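Chain by chain, the residues run as shown.
Number of protein chains: 4
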Amino acid sequence: MKILLSNDDGYRAPGIEALYEAIRDLGDVEVVAPEHNNSAKSNALTLHSPLYVHDAANGFRYVNGTPADCVHVALTGLLGYTPDLVVSGINNGANMGDDTIYSGTVGAAMEGYLFGIPAIAFSQTQKGWSHLDAAARKARELVQQVLACPPPEALPWLLNVNIPNLPYEELKSFKVCRLGRRHAAEKVISQTSPHGETMYWIGAAGPAKDDAEGTDFHATALGHVSVTPLKVDLTDHDALRGWSRLVAPLPAAGTGAG
Amino acid sequence: MKILLSNDDGYRAPGIEALYEAIRDLGDVEVVAPEHNNSAKSNALTLHSPLYVHDAANGFRYVNGTPADCVHVALTGLLGYTPDLVVSGINNGANMGDDTIYSGTVGAAMEGYLFGIPAIAFSQTQKGWSHLDAAARKARELVQQVLACPPPEALPWLLNVNIPNLPYEELKSFKVCRLGRRHAAEKVISQTSPHGETMYWIGAAGPAKDDAEGTDFHATALGHVSVTPLKVDLTDHDALRGWSRLVAPLPAAGTGAG
Amino acid sequence: MKILLSNDDGYRAPGIEALYEAIRDLGDVEVVAPEHNNSAKSNALTLHSPLYVHDAANGFRYVNGTPADCVHVALTGLLGYTPDLVVSGINNGANMGDDTIYSGTVGAAMEGYLFGIPAIAFSQTQKGWSHLDAAARKARELVQQVLACPPPEALPWLLNVNIPNLPYEELKSFKVCRLGRRHAAEKVISQTSPHGETMYWIGAAGPAKDDAEGTDFHATALGHVSVTPLKVDLTDHDALRGWSRLVAPLPAAGTGAG
Amino acid sequence: MKILLSNDDGYRAPGIEALYEAIRDLGDVEVVAPEHNNSAKSNALTLHSPLYVHDAANGFRYVNGTPADCVHVALTGLLGYTPDLVVSGINNGANMGDDTIYSGTVGAAMEGYLFGIPAIAFSQTQKGWSHLDAAARKARELVQQVLACPPPEALPWLLNVNIPNLPYEELKSFKVCRLGRRHAAEKVISQTSPHGETMYWIGAAGPAKDDAEGTDFHATALGHVSVTPLKVDLTDHDALRGWSRLVAPLPAAGTGAG
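Protein chains in written order, with my numbering: chain R, 1 to 258; chain A, 1 to 258; chain X, 1 to 258; chain B, 1 to 258.
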C-alpha cells in the first residue's frame, strides 16, 4: 500500500509531522510537501517558473511550489510509481463550507483525485494545533478503514475531513456531511506602510451561513469528525436549459450557425 | 450598470484591453487586475503578505496578487460599491473541462459569484490572441444579452465561456454545454540548471478525454462559442449514504458518540 | 559610440525614459533594465533562478532581476558586442555618501566598470521627479563631454553623479567631490499585521554626518551637480601592517606555517 | 562580550551552525540570519516589503530578507542593545578579490561596520563544506584574538577572512593580504524553458587575474588563512583633480555658477 502525503502549511508544520507518524506503518508513506506555508493557494499550479525538489533531514521532500504542484510533480514523474492513496494535512484550521474552494489542503488532495487516485484532506477546525495527537489518531482510523473496506464508490473518490480540536476522549463519531456555506468574507483590512503606501490584507472568512443539521459546520460544532465526499463537476446541469434559451437569440455569424 | 473587469494574464494583456474596449459603453466598467501573469492560479488568495493597488496610465488598477485577490479586494472595500456583474478575461487559451479547476480567469469570476454577484469568464480556445477582435465582439454580445434579459436562474450565476480563435464571420452560435473532461496532464518536464540542480516544470494539460456532443470541447471544435453555467457545490450528494456506511463501524471516543 | 543604459527603478520609470530621450542621439543606445523597482539592491546578482528578458513596446528590454543582473547579462551575451559606456539612472532620489554602497543605480554602473567599461550613475537628489527635464539635460552634457574629451584616467572609470531637483536655470556648475558620510540609519519601523505578526521595515537613511566642503552633500546643497569618481578597491591598505602584527601570534597548524 | 552572528547561506546552513558552536562560549552570541540562501546579495536592503522575524527551534532567529537586512534590523531595534562584534559566515565558497563586492557574507559584516561595529566575514575557499570543523576552529582563534588584543585601528574595522578547505593540521598561518582581482565573469548561460522562453543564468565568477604574492588568492592557494582588512570609501581620491579639469568647461546654468 503506497501513500503520498502532502499539505499546505509546509513540510515543517506540526500537522504533517503528526499525520506522518500516525499513518507511517499503514503502508509505504512518502512526503512531498511545500517548502513554505501555502494556505489558501487552492488548486494553483506553478507554470512559469521551475520547481526544485529538496530532501529534508527527516526524509520528507519539499518543493518551492504549491500543494497542487507537489502532488502533480510527484505523480507525473518524481515518485516513479502511482500511489494508492493521496493524503493531505493535517491543516492548521478548518476547511469547511466554501473554504474548500480556496484550501490548499483540499487542493493537494484534489490533484490526486484528478489523476484518478483516491484522496483525503484532513483539517483541524481551529488553528493552533491543540489536541493534534487526537486529530492524528482519528485520521489514522479513517485511513485504516478506507484501506480495509471496499470503497462505496467507483474510483477515484475524494474526502474532506474536519476534526474538532478536542481531546481524543471527547471526540464524537465520524459523521458524513454535506458542505455548509459561509457568509461573505470580512472587509479588506488596510494599513499604511511607512512609505505611505496603502497595503491591503484579505480579511477573515465569513461566519457560517448554512450550518444546518447535515452540514460540516453542524457536525463539528457538536464534536463529530465531519467527512464530506467531494466531486469535481462544476457544471450546473440544472441550468443548462435555461441558459440555452437566453443565448438562443444571439447572432450566429458563421455559416453553419446553429 | 456597474461592471468589474479582471483577468489572470495581467492588466497589460491584450485580452483585457480588448474586452474593456468592447464592453465599456455597456455600463460603468472598472478594471482591477493582476500586475503579472497569474495563469493557473485557481482561486488562490494571498493571506500572508500585503497587497498593493496601483493606477496604470490607462485608468486600470493593478494589484500585486492573484485574480481572486483582485476581485476580493475590489468587492470588500476598494470599489466602495457592489457591481452588478463581474467579468473576467479574455484569457489567452482555453479553460475547458478540468481547466476550470485551475483557471485564474474562472477564479476571478468565481470570486464574484461567491460574493453573490453574477459573473462571466471569457477565454479564447487557442493561445496567441489571433482573432481577438472577434472574441471581444462575441463577449460583448453575451454581456449585452445578460444585461438585457432576465437571467434564467436565481442570482448569482456563473458562466464559463470559450471562444474559438476564428474570424467573426466564421464563429458559429453560442452553445450552452457541460464541461468535458481531460486526460491526466503530461509528464513533468525536467531540466538541469547550470548549477546542476534538477528543475521541474509542470507539463501540458492532457488532451480531451470526454469531448462528446454536449461538451465545451465538442462545441468549440465545431466553431461554436461554448457557454457553461457553473455552480460551486463540491459535495458529492449521491455518495453521502455509502460513506456513512463505511465510517459507521469506526469508534466514537466521545461520550455522546453517535 | 555604443551606450548601454540601465537603472534601478525599473524600465518604466520616468528617470530612464528621460535619460534615454536625452542621450539617444549621442550614439547607439540600448536599454536593458529591471522589470521592477530594485532600489537598494546594491550589486546583488541572481544566481539561483533563471532570468528572462522581454521586449517592451518602446524598444527597451527588461529583465526579472537586479540592476547588476541587467548589465551582467547584457555584457556577457545578450548584446553581442561590448558597449563603450554604461549609463545608469536617472534615479529617483539621492545616492550620496554611504548610499552608494546600497544603490542599485550605482550597482548597475559598477557592474559595467567591473567588466572594464567606463560607467556613469545619475541620480536626482530628491524623490518625486521634479525638474527631471533639467536633470536629463545635465546628464546629456556630461555624457557628451566624456565622449568628446580624453578621460583623465586609465580605463575603466566610474562616476557617481547627483543632480539637485532644480530648474535648469538654477542648477550650478558640475563640481567634482568626494563622497560624504551619513549618520546611521533610522530605527527599524515595526507594524503589526492583521494576523498579529510583527512586520519590520528598514528605516530611512540617516542625515548627513560629513557634509563638509568638498563632499557631494555640500555641493548639491548649494545647487551644484556633484560628480564623484569611484574606485572599487575595498582593501584598507594602511591597515595591513597593524593586522599582521595582531594575527602573528596565532597558531599555524600546518607544517609549512609561515 | 556581545556578538551578533549572521550569514548569507541561510540560518540552516552548516556554516553558521558550525561557527555558532565554535564561538558560543566567547560571549553572548545571538543569531539573526536569512531564511533562505542569499548568495551574491551584496549589501542589498529590502525597502518595499515588510520583513518578518521568526524563532527557529535551535534559538536562532531568521528573517525573510537579505544578510544586510538581518544585521540592519538587529542593530536598529530587534536586539535592543549594541553588540561588540558582528560575525558573518562561514560562507559556502570563496569571497576573494572582486567577490567581496557581490558577497552577502561580506554584506552582512559590512552592515555592522557601517553602524560603527567591528565585523568579520568568514568564508571557506571551496564550496561543499569539507573540513568545516577546521574552518570553524580557525574562525574561533581569530575571534578570540580580536577580543583579547587591542585592535590595531580605530573602531570600527572590517575583516574579510578566507579559509582553505583543509584539515586543521594542514592549514597554515593567518596571513594579512590585500584583495586580488578576478577576470571578468564567464559568459551568461542560456537555456530554453519547456514553454519556449529563453532563460539566462549568471555565469561563474572569472578566474584570478591578480593573484600575485600579497593577495588573498595567493595566500589561500598556499594553505594560509587570508585576512583582508576592508574599508568602505569608494571615492577615487587620486582622480578628483583630473575629473575637475574635464568638467570645468561645462556650462553652469545657475546664477551662482562656479
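One should not assume that every hint holds.
As the list makes no split between identical chains, a pair holds if one copy fits it or if it spans any two.
The list that follows gives simulated cross-link-like pairs (lysine-lysine, DSSO-like), each with its CA atoms no further than 27 Å apart [stated by the list, open to error]:
| # | residue 1 | residue 2 |
| --- | --- | --- |
| 1 | K2 | K187 |
| 2 | K231 | K187 |
| 3 | K231 | K209 |
| 4 | K127 | K187 |
| 5 | K187 | K172 |
| 6 | K127 | K2 |
| 7 | K2 | K172 |
| 8 | K172 | K209 |
By construction, these hints were calculated from the structure, which means they are not laboratory data. Computed from a prediction, not measured in an experiment: that's the story for all the values here.
Cross-check of the supplied hints:
1. K2 - K187: Between copies only: 20 Å across chains, 44 Å inside a chain, cut-off 27 Å.
2. K231 - K187: between (30 Å within a copy, 24 Å between copies)
3. K231 - K209: both (22 Å within a copy, 18 Å between copies)
4. K127 - K187: within (21 Å within a copy, 33 Å between copies)
5. K187 - K172: neither (35 Å within a copy, 43 Å between copies)
6. K127 - K2: Cα proximity of K127 and K2: none, with 29 Å in one copy and 37 Å across.
7. K2 - K172: For K2 and K172, the Cα distance exceeds 27 Å both inside one copy (29 Å) and across copies (49 Å).
8. K172 - K209: within (23 Å within a copy, 42 Å between copies)
Violation of the numbered hints given earlier is confined to hints 5, 6, 7; the remaining hints are satisfied by the structure.
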